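S.K.: Each chain is listed here by its residues.
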Amino acid sequence: MHGPELHWLPRPSTWSQDLALAEPGPTAWPMLCALARARIDALETRSLDRKRQRLMMDPPENMVAASIRLAVLASSTVDHLLPGIRVAGMRRDLWIETFTPDYGQHTQALMDPASPLFAFRPTAVLFAFDSHHLLAGIEPGGDAAETEARITRIGENLTTQWARARQAFRCQVIQQTLLPVFDPLFGSNEHRLPGSPYWAVQQLNATLRKLADAEAVDILALDAVAATDGLAAWHDPALWHRAKQEVHPSAAPCYGDRVARLLAAGLGRSSKALVLDLDNTLWGGVIGDDGLEGIKLGQGSALGEAFVAFQRYARDLSLRGIILAICSKNDLANAVEPFDKHPEMVLKRSDIACFTANWTDKAANIRDIATQLNIGLDSLVFADDNPAERAIVRRELPMVAVPELPADPTLWPATLAAAGYFESLRLTKEDLERSEQYQANLQRSSLMASATDLEGYLRSLEMRAIWSRFDRVGQARIVQLINKTNQFNLTTRRVTDEDVAALIEDERALTLQIRLIDAFGDNGIIAIVIGLFQSGTRDIRIDTWLMSCRVLGRRMEETTLNLIVRQARALGCERLIGVYRPTAKNAMVRDHYPRLGFSPIATPERDGVAEYVLVLDGWTELPTTIVSDATPQ
Amino acid sequence: MTDAELYAGLNEIFRQVLDDDTIALKPEMTAEDVEGWDSMNHIFIVVEIEKRFGIKFQAAEMEELKNVGELAALVREKAGAVR
Numbered sequence: 001m002h003g004p005e006l007h008w009l010p011r012p013s014t015w016s017q018d019l020a021l022a023e024p025g026p027t028a029w030p031m032l033c034a035l036a037r038a039r040i041d042a043l044e045t046r047s048l049d050r051k052r053q054r055l056m057m058d059p060p061e062n063m064v065a066a067s068i069r070l071a072v073l074a075s076s077t078v079d080h081l082l083p084g085i086r087v088a089g090m091r092r093d094l095w096i097e098t099f100t101p102d103y104g105q106h107t108q109a110l111m112d113p114a115s116p117l118f119a120f121r122p123t124a125v126l127f128a129f130d131s132h133h134l135l136a137g138i139e140p141g142g143d144a145a146e147t148e149a150r151i152t153r154i155g156e157n158l159t160t161q162w163a164r165a166r167q168a169f170r171c172q173v174i175q176q177t178l179l180p181v182f183d184p185l186f187g188s189n190e191h192r193l194p195g196s197p198y199w200a201v202q203q204l205n206a207t208l209r210k211l212a213d214a215e216a217v218d219i220l221a222l223d224a225v226a227a228t229d230g231l232a233a234w235h236d237p238a239l240w241h242r243a244k245q246e247v248h249p250s251a252a253p254c255y256g257d258r259v260a261r262l263l264a265a266g267l268g269r270s271s272k273a274l275v276l277d278l279d280n281t282l283w284g285g286v287i288g289d290d291g292l293e294g295i296k297l298g299q300g301s302a303l304g305e306a307f308v309a310f311q312r313y314a315r316d317l318s319l320r321g322i323i324l325a326i327c328s329k330n331d332l333a334n335a336v337e338p339f340d341k342h343p344e345m346v347l348k349r350s351d352i353a354c355f356t357a358n359w360t361d362k363a364a365n366i367r368d369i370a371t372q373l374n375i376g377l378d379s380l381v382f383a384d385d386n387p388a389e390r391a392i393v394r395r396e397l398p399m400v401a402v403p404e405l406p407a408d409p410t411l412w413p414a415t416l417a418a419a420g421y422f423e424s425l426r427l428t429k430e431d432l433e434r435s436e437q438y439q440a441n442l443q444r445s446s447l448m449a450s451a452t453d454l455e456g457y458l459r460s461l462e463m464r465a466i467w468s469r470f471d472r473v474g475q476a477r478i479v480q481l482i483n484k485t486n487q488f489n490l491t492t493r494r495v496t497d498e499d500v501a502a503l504i505e506d507e508r509a510l511t512l513q514i515r516l517i518d519a520f521g522d523n524g525i526i527a528i529v530i531g532l533f534q535s536g537t538r539d540i541r542i543d544t545w546l547m548s549c550r551v552l553g554r555r556m557e558e559t560t561l562n563l564i565v566r567q568a569r570a571l572g573c574e575r576l577i578g579v580y581r582p583t584a585k586n587a588m589v590r591d592h593y594p595r596l597g598f599s600p601i602a603t604p605e606r607d608g609v610a611e612y613v614l615v616l617d618g619w620t621e622l623p624t625t626i627v628s629d630a631t632p633q
Numbered sequence: 634m635t636d637a638e639l640y641a642g643l644n645e646i647f648r649q650v651l652d653d654d655t656i657a658l659k660p661e662m663t664a665e666d667v668e669g670w671d672s673m674n675h676i677f678i679v680v681e682i683e684k685r686f687g688i689k690f691q692a693a694e695m696e697e698l699k700n701v702g703e704l705a706a707l708v709r710e711k712a713g714a715v716r
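Chains as they are written, first to last, in this note's numbering: chain F, 1 to 633; chain P, 634 to 716.
Isolated chain F (complex conformation) (with noise of 0.2 Å):
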């Protein structure tokens, strides 16, 4: 039995030698990035691996996320899988190091301070117990409120653990739900048959789920890769009697996959945009050529049907805020005329944020498309039946995630669901009305196309910011916000659930969310703002500063300096010190805290690292034409 694959990358024939051909130095890191975004079995990620390990000691310098220290608590060998997980990191420019206690370890390494795992400081706890040992004392034959207490202990268990790592370590926690390794004693009614084994895997894979929802843990859903891969692809007896692995040696790169996943997504850095091509993509044949009734969609074909399958594919995913752009090479009038005219079209032209039609390549056009969403490359998914368009966007633009799509368009959304490309922890408000926002902005944009003067144009938008301290409603935006700002971030830091808990609690912090309306509707949250007090100071040093690329131009800086000043104020604070602290990405803001009137306080170069300051003494509030508001409490 082979195990599941990475079916959704490509596989260039070179792979090996360019393995070879990875040299230390500053390509190295890329290099190997780009090495991992390919369909490699199990050996070829052990090879990278280990090449990764020989070329690098360290992280590259000025990577924009943070490392990733994540330790795997198990109860069975894991070993075997660790390279999947650093390799699905490096599919995501993330760098993984990875830590496992020592065989049977698990407890008692949670419990003390002095313990090898306390030492690694870990930024994400796995729990990824197998179902032997989750599972153990449980028998057939005991009565039904037995089995039932058995398991409500067992989740009771888990929880206490999830809280001792939280607490020590104030992480991302994932737990792992169990693989059902055991078989069915009787048949199709086996939940009638109380302590059966295989019935107990299923109840207490869903007991974690309701305890990991109450608790913030996110879930690993191991179950439901093994229900569409087969048992088999992810588990062999053979293996677990001789080895103790549960999860097959073959299945580490896709484990390790979904792992990172995670972990990606903790960062706020899964894909937000799926750009989909037009003729064969969303329909069969070409609008251009075949004409509103030759193309193929909708009842009457198994194809027609298939492409209204992977449209209502992709406007659910849109209905989960990921935005829907279109890249097709086409006249714009025939590119069009499906979306106004077919009745069987699902995807309406107000489900598209974003529409290009034209005969410019797709690279530039991506390019184009991302500039108008106001988003990062990385964060676009490209759709698009024709493998010579595929192999074109994959070289001029790495970034961009572009899946290898089967030749039958029934298999589509099951490739896209298996990329996980779109994978989220939890889902907010702004992520259910992002479409919305991307559709009102693109209206300020030609808005401010027919606007004469700025100040007209602003004046015109009608701003209000409604500003709030951090506070439990907003924290899940919050963390995503900080997580994922690369370019108007002055400092870059990131921070975990527990850390903005631990903000809302502190009244001596200066924390700011910040809501931005407009004539063209809700932008959410667009500002977050972070200040702490310098000990034994009155000066307020503002460790995070960011706000969303969607409302630059606005003087919402401005204005959310002057909501920080009053803030400021009200702690008794004299001076805010601003720092500024370069990454590849954030060149935008150098000189953010200048243009604001603060003044450079010599520092010793560190990193390129500057420092500001402003006197709070005496200074009034600069001009805005943007109301603002405090939340109504």
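Because the hints were derived from the structure by calculation, they are not lab data. Since the model is a prediction, treat every value here as computed from it, not as a measurement. Positions of the beta carbon are idealized from the N, C-alpha and C atoms, including for glycine. Certain hints may be false.
[As the list claims (entries may be wrong)] Take a look, some chain F residues computed to stay more than 10 Å from chain P by CB distance:
1. ALA42
2. MET56
3. ILE151
4. THR159
5. PRO194
6. ARG242
7. ASN280
8. ASP385
9. GLN475
10. ASP499
11. ASP522
12. VAL589
13. LEU616
14. GLU621
[Stated by the list, open to error] One-sided excerpt, in silico: chain F residues whose CB lies under 10 Å from chain P:
15. GLY3
16. HIS7
17. ARG46
18. ARG50
19. SER250
Position chain P relative to chain F; hints supplied.
M.R.: This is chain P only, laid out in the frame that chain F set:
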């Protein structure tokens, strides 16, 4: 499948799993003679042999193997039966 082909196939698997291009398997060799051939790598080797030769070992068969020669003989026997 000639002996040379069989050993070439096994060599390639061992070299890839153990990340060592100097490995040259001989029938009398045991895990002691090959650096890195530990229990975890052994599993990878077995899984890879199963995959490339299209065979499946039984749990008991693996425990009785004493050296490379016996492993090769078992692979030959099973691969022959498949074809």
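S.K.: Decide, hint by hint, whether the structure agrees.
M.R.: Verification of the hints:
Not every Cβ of chain P is farther than 10 Å from the Cβ of ALA42 (chain F); the closest lies at roughly 7 Å, contradicting the non-interface assignment. With a closest Cβ-Cβ approach of about 16 Å to chain P, MET56 (chain F) is found to remain outside the 10 Å limit, as its non-interface label requires. Look at ILE151 (chain F): its CB is around 31 Å from the nearest CB on chain P, clear of 10 Å, so calling it non-interface holds up. Chain P leaves THR159 (chain F) outside its interface by the beta-carbon criterion, the shortest separation being 32 Å against a cut-off of 10 Å.
Taking the minimum C-beta to C-beta distance to chain P, about 31 Å, the non-interface status of PRO194 (chain F) holds against the 10 Å cut. A cut-off of 10 Å between C-beta atoms contradicts the statement that ARG242 (chain F) is not in contact with chain P; the least separation is 6 Å. With 10 Å as the threshold on Cβ separation, the claim that ASN280 (chain F) sits away from chain P holds: the shortest Cβ distance comes to roughly 35 Å. No Cβ of chain P comes within 10 Å of the Cβ of ASP385 (chain F); the nearest lies about 31 Å off, and the non-interface call holds.
In this structure GLN475 (chain F) is separated from chain P by more than 10 Å, as the shortest Cβ-Cβ distance comes to about 42 Å. Non-interface status of ASP499 (chain F) relative to chain P is upheld: no Cβ of that chain comes within 10 Å, the nearest being about 37 Å off. The beta carbon of ASP522 (chain F) is kept farther than 10 Å from every beta carbon of chain P, the shortest such distance being approximately 53 Å. At roughly 44 Å, the least C-beta separation between VAL589 (chain F) and chain P is larger than 10 Å, which holds for a residue marked as non-interface.
Interface exclusion of LEU616 (chain F) from chain P stands, the closest Cβ pair being 61 Å apart, more than 10 Å. Distance to chain P confirms GLU621 (chain F) as a non-interface residue, since its nearest Cβ pair spans about 64 Å, more than 10 Å. For GLY3 (chain F), the suggested interface contact is upheld, since its CB lies about 9 Å from the closest CB of chain P, less than 10 Å. Taken as an interface hint, HIS7 (chain F) does not check out: its beta carbon lies about 16 Å from the nearest beta carbon of chain P, beyond 10 Å.
Checking ARG46 (chain F) against chain P: minimum C-beta separation of about 8 Å stays under 10 Å; hint holds. Given hint, ARG50 (chain F) at the interface with chain P, holds; its Cβ is 5 Å from that chain's nearest Cβ, closer than 10 Å. Below 10 Å, beta-carbon pairs count as interface contacts, and SER250 (chain F) has one with chain P at about 6 Å; its hint therefore holds.
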